Amino acid sequence: MRQAVSRALYAYWRGLGATGGRPERDALDLGALRGFLSETFVLDFDPAGGFPFRICGATIAAVFLNDLRGAPFLTLWREADRDRVASIVRAAADDGSARLLLAEGSPAGLAPVRIEVMLLPLSHRGATHARMLGSLAARPGSDWLGLIGSGPMTLTASDLLAPQQRGVADPASAR
Numbered sequence: 006m007r008q009a010v011s012r013a014l015y016a017y018w019r020g021l022g023a024t025g026g027r028p029e030r031d032a033l034d035l036g037a038l039r040g041f042l043s044e045t046f047v048l049d050f051d052p053a054g055g056f057p058f059r060i061c062g063a064t065i066a067a068v069f070l071n072d073l074r075g076a077p078f079l080t081l082w083r084e085a086d087r088d089r090v091a092s093i094v095r096a097a098a099d100d101g102s103a104r105l106l107l108a109e110g111s112p113a114g115l116a117p118v119r120i121e122v123m124l125l126p127l128s129h130r131g132a133t134h135a136r137m138l139g140s141l142a143a144r145p146g147s148d149w150l151g152l153i154g155s156g157p158m159t160l161t162a163s164d165l166l167a168p169q170q171r172g173v174a175d176p177a178s179a180r
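Under our numbering, the first residue of the sequence shown is numbered 6, with each subsequent residue one higher.
All clues stand as given, with none of them false.
Here are the in silico distance ranges between beta carbons for each label pair:
hint	residue 1	residue 2	range
1	Ala53	Pro145	34 to 42 Å
2	Trp149	Pro52	27 to 35 Å
3	Ala63	Thr159	18 to 26 Å
No lab work stands behind these hints: they were computed from the structure. Remember, predicted model here, so these are calculated numbers, not experimental data. Even for Gly, the Cβ is constructed at its ideal location relative to N, Cα and C.
Modelling step: build the complete structure from the supplied sequences, incorporating the hints.
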């Protein structure tokens with residue numbers, strides 16, 4: 006995990022699940038994440054709908070120059086990677102573990118930027134396959150970021166984050 010938002014969100018998520026289970030969606034305190042909200046999202050667990058965005062931060066929208074609320078998460082990925090990404094989202098929901106996806110994105114003909122995507126499963130009203138909290142952060146340094154929207158991302162790696170002892174964590178301490 007190289008991006009501050011990934012570290013902070015992961016620490017916060019682990020803290021919410023202090024009892025050992027996946028956190029409930031209603032337990033989220035968006036005020037605790039105020040420094041990172043623009044890079045966070047919540048997905049609906051709807052495989053047939055491509056896991057649509059319920060909430061999507063402004064910085065994420067700027068990477069693609071598109072308001073992503075209601076848009077399928079899978080459309081952010083190139084066609085060749087969509088089945089693999091869908092499988093990773095389903096696996097995270099199945100086992101309640103965090104996943105880190107590494108990707109590259111760029112407009113046609115321009116240099117790619119590295120992108121880090123965190124997926125953190127949530128329960129919602131007792132349903133385990135309901136919501137996915139996440140973050141998407143592009144490494145700074147590309148001339149085109151915020152001016153030209155990225156095309157579909159290419160999945161370059163994915164990691165299952167090892168379950169660790171859960172305890173209360175302050176997202177600000179992960180910065």
